[in-house]
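Participant: Make a model of the complete structure from these sequences and hints.
Chains as they are written, first to last, in the numbering used here: chain E, 812 to 1081; chain U, 858 to 1129.
FYI, nobody ran anything at the bench for these hints, they're computed from the structure.
It cannot be assumed that every hint is accurate.
[Said to hold, decoys possible] List time: in silico DSBU-like cross-link candidates among lysine-lysine, alpha-carbon distance up to 35 angstroms: (1) U:K1116 to E:K841; (2) U:K927 to E:K821; (3) U:K927 to E:K988; (4) E:K840 to U:K1068; (5) E:K917 to U:K1116; (6) U:K1067 to E:K917; (7) E:K909 to U:K902; (8) U:K927 to E:K1075; (9) E:K988 to U:K902; (10) U:K902 to E:K917; (11) E:K1042 to E:K872; (12) E:K919 to U:K1068; (13) U:K902 to E:K919; (14) E:K917 to U:K1068; (15) E:K988 to E:K821; (16) E:K1075 to U:K902; (17) U:K1092 to E:K917; (18) E:K909 to U:K927; (19) E:K919 to U:K927; (20) U:K927 to E:K917; (21) U:K1092 to U:K1116; (22) E:K919 to U:K1116; (23) E:K919 to U:K1092; (24) U:K1067 to U:K1116.
[What the hints assert, rightly or not] Among the chain E residues that face chain U by a calculated CB cut under 10 angstroms, a handful are: (25) V846; (26) K909; (27) Y913; (28) K917; (29) K919; (30) K1012; (31) E1074.
[Claimed, not checked] Derived coverage of chain U by chain E (criterion: at least 3 residues anywhere in the stretch with Cβ under 8 angstroms from a Cβ of chain E; other residues may be distant): (32) 984-993; (33) 1116-1124.
The C-beta atom is built at its ideal place from N, Cα and C for all residues, glycine as well.
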Amino acid sequence: MFDSLRAIIKDNLIWRRQVNHLALFELRKKSRGAVLGWAWFFIKPATYIFCFWFALDVGLKAGSTNPSDSPYIVWLSAGILPWFFMQEMLGTGANVFKRYSYLVTKIKFPLPVISMIYTKAMMLIEVCLIGVLCLALVLTGCDVDIYLLQVPLLLVMLMFFWDTFSIMVSPMSALSKDFHNLLIACSTPLFWLSGILFDVKSLPFDWMQTVLYFNPCTFFTVAFRDAFYDKVWFWDDPALLGGFIAVAVAQIIVMCLTTHRFEKEVPDAL
Amino acid sequence: MPSDMHAQSTRSNQQRCDSAKMDHRAVVPPVIVFDHVTKTYRLYKSDRGRFFGLFRFENRDLIGTIRANKDLSFTISRGESVALLGHNGAGKSTALKIVTGVTYPESGTVEVRGRVSALLELTAGFDGQLTGRENIRLRGLTIGLSHDEIEGMEADIVSFAELGVYIDQPMRTYSSGMKARLGFAFAVAIEPEILVIDEALAVGDTSFQKKCIARIHEIMSDRNVTVLFVTHTSKLARELCSRGIVLDHGANVFDGPIKQAIAFYDDLETQS
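Facilitator: As structure tokens, then:
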């Protein structure tokens, strides 16, 4: 198992230059063919956030019980922005061998590195979106304080956790369409049940909160809100951090096992 | 008497030449070594069967196994040009894929030393949204070339592919021949140490095909470049290669000078 982990880390270090270039090309490909090009990376999330803000804050008055000085849209954005990244990783990120099949079957390219191409491309968009949120905070006179320092750390954790996830599930998705369909089917329930649109900390039963803390989507949503809205350090809640670490360690173990077991099968299956 | 002496001298020259070739193979370090390589493909009735087969469950959907390469061994030295000959399904393309590192042997070991450029599927990896020039850059960066290296060879690729103003148009607007020409131009421009060609010379029109073959000759004139060529066309194999390996049902059944290899392959064809 440690050999697999060592090989994955080593390959990612050796091939990082190619990965960076390919990640930029991924974004270029995504933006090509549209007049507004790169703007679509921001228009889509902005539309999403506007719709939820209008429905929840204006329509359902969900922000009226807001005890914080920050507006409801900050609470909403802090939870929903990491979701955009996670949604991409649950969809295309979970099936990268199909997207980059030429790297699997035509060019010698280490398979565990392919996930990082898509992860880095999506992370670049995520960093820009978080940057826009920070700028909006400054322009609207909201508190820009020391708690925002945990945001870069959270972005790094977000990237590595979901890259590990992609390495773990991509061989299975390549070998079984059912498996990939299952992951896509999980995307919508995860959105509604992970606390993106409600406050996990104010759930009526403690056990519900404990169970949700083992959901990595909940972890990132709560942690980003801790930084942008609640103004606490995410590691101050040991249950939240402990649940995430347990899932992350389990995921790394399964990633090593699936890589070791399926790495040589994938090119033949594709 | 002088004519006998001349014949003797020619024979001894020939022997010296043959032994020089043998010495060359003995002295020049091998760049490709196949040591008892076996590669098996499992065939399943359905995708469901294939999935469960991965977990080694008892599987009724397994309909058979194909030994694409069977205990295959050969060594190719630097600068050699070798043709892999054989019927369809003899295991030639699998052997080439193993050389390029995109598939793995089930047992045995494979050593490949040097930068491999493969003319397998010339248009694979090109993106229709990007222009031809951007695709050159993308492909170059994928294989680890620096920006300077790519810039240095870009003009040669553009000129060889004869795409004119189309080079800055999205590749979705290209015909299949134009895409293949760009793919070939890139593959031969990167100064490979090992050039792998899988019946990819049917590119574009006749004049372009001639140009491709001339370019391969030019590459082969560099004694450090090794060429591995798969073809059914005996004439082309004779023109490009000095050695032939005949595969039959995944096994190496003949390995020797190209003329004898072609004769052996032709006999095999006649028998089958």
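Participant: Confirm or reject each hint.
Facilitator: Hints and how they fare:
1. U:K1116 to E:K841: Cα-Cα ~52 angstroms, so violated.
2. U:K927 to E:K821: holds (33 angstroms)
3. U:K927 to E:K988: Holds, at about 31 angstroms.
4. E:K840 to U:K1068: Holds: K840 of chain E and K1068 of chain U sit about 32 angstroms apart, inside 35 angstroms.
5. E:K917 to U:K1116: Cα-Cα ~31 angstroms, so holds.
6. U:K1067 to E:K917: Status holds; Cα separation ~25 angstroms.
7. E:K909 to U:K902: holds (22 angstroms)
8. U:K927 to E:K1075: Holds, at roughly 18 angstroms.
9. E:K988 to U:K902: With Cα atoms ~16 angstroms apart, K988 of chain E and K902 of chain U stay inside 35 angstroms; holds.
10. U:K902 to E:K917: With a Cα-Cα distance of about 26 angstroms, the restraint between K902 of chain U and K917 of chain E holds, given a limit of 35 angstroms.
11. E:K1042 to E:K872: holds (23 angstroms)
12. E:K919 to U:K1068: Status holds; Cα separation ~28 angstroms.
13. U:K902 to E:K919: Roughly 29 angstroms between the alpha carbons, so the hint for K902 of chain U and K919 of chain E holds.
14. E:K917 to U:K1068: holds (24 angstroms)
15. E:K988 to E:K821: holds (30 angstroms)
16. E:K1075 to U:K902: Measuring from Cα to Cα gives roughly 21 angstroms; hence the hint holds.
17. U:K1092 to E:K917: holds (28 angstroms)
18. E:K909 to U:K927: The hint holds at about 30 angstroms.
19. E:K919 to U:K927: holds (23 angstroms)
20. U:K927 to E:K917: holds (23 angstroms)
21. U:K1092 to U:K1116: holds (10 angstroms)
22. E:K919 to U:K1116: Cα-Cα ~33 angstroms, so holds.
23. E:K919 to U:K1092: With a Cα-Cα distance of about 31 angstroms, the restraint between K919 of chain E and K1092 of chain U holds, given a limit of 35 angstroms.
24. U:K1067 to U:K1116: With Cα atoms ~22 angstroms apart, K1067 of chain U and K1116 of chain U stay inside 35 angstroms; holds.
25. V846: At about 14 angstroms, which exceeds the 10 angstroms cut-off, the nearest Cβ of chain U leaves the hint on V846 of chain E violated.
26. K909: violated (14 angstroms)
27. Y913: holds (4 angstroms)
28. K917: holds (4 angstroms)
29. K919: Hint on K919 of chain E: holds, closest Cβ of chain U at ~3 angstroms, below 10 angstroms.
30. K1012: violated (41 angstroms)
31. E1074: Where the cut-off is 10 angstroms and the nearest Cβ of chain U is about 8 angstroms from E1074 of chain E, the hint holds.
32. 984-993: That given contact holds, which follows from 4 residues of the segment 984-993 of chain U lying within Cβ reach (below 8 angstroms) of chain E.
33. 1116-1124: violated (count 0)
Hint violations for this structure: numbers 1, 25, 26, 30 and 33, all remaining hints satisfied.
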